[in-house]
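Trainee: Generate the whole structure from the sequences, applying the supplied hints.
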Amino acid sequence: MTTKMKFFRSKWNTRSATSRFKGKNMIAYCLIWMTHYIPLVLVWQYRAARILKVYNERAHQEVTLRSERAHQEVTLRTFA
1 MTTKMKFFRS KWNTRSATSR FKGKNMIAYC LIWMTHYIPL VLVWQYRAAR
51 ILKVYNERAH QEVTLRSERA HQEVTLRTFA
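In full-length UniProt numbering, the protein residues as written are 1 to 80.
No wet-lab data here; the hints were simulated from the structure.
Misleading hints may appear alongside valid ones.
Cβ-Cβ distance ranges computed for the label pairs, FRET-style [what the hints assert, rightly or not]: (1) Lys53 x Glu73: 27 to 37 angstroms; (2) Phe79 x Pro39: 57 to 67 angstroms; (3) Pro39 x Arg77: 54 to 64 angstroms.
Even glycine gets a Cβ: it sits at the ideal position worked out from N, Cα and C.
Mentor: This is how it looks when you write it as structure tokens:
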């Protein structure tokens, strides 16, 4: 075994700061996710649903108006 290999093995065996705080970092990550990102996603979904609801209502009104006009035209043509 060369000295270089020994050096790398000793480097791998040491407990680094990241491995020591891995669990704590995960807890912090989960807390940030729960308090920031999930509520943001829920707000985006709520806003998108509201926008789509308004859009669908307007489209529905437009379709009903068109069908009523077409129906009136047909009745005027047949009975005029």
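Trainee: If a hint holds in the structure, say so; if it does not, say that too.
Mentor: Verification of the hints:
no. : hint                              : verdict
1   : Lys53 x Glu73: 27 to 37 angstroms : holds, 31 angstroms
2   : Phe79 x Pro39: 57 to 67 angstroms : holds, 60 angstroms
3   : Pro39 x Arg77: 54 to 64 angstroms : holds, 57 angstroms
Going down the numbered hints, you'll see the structure goes against none, and every one checks out.
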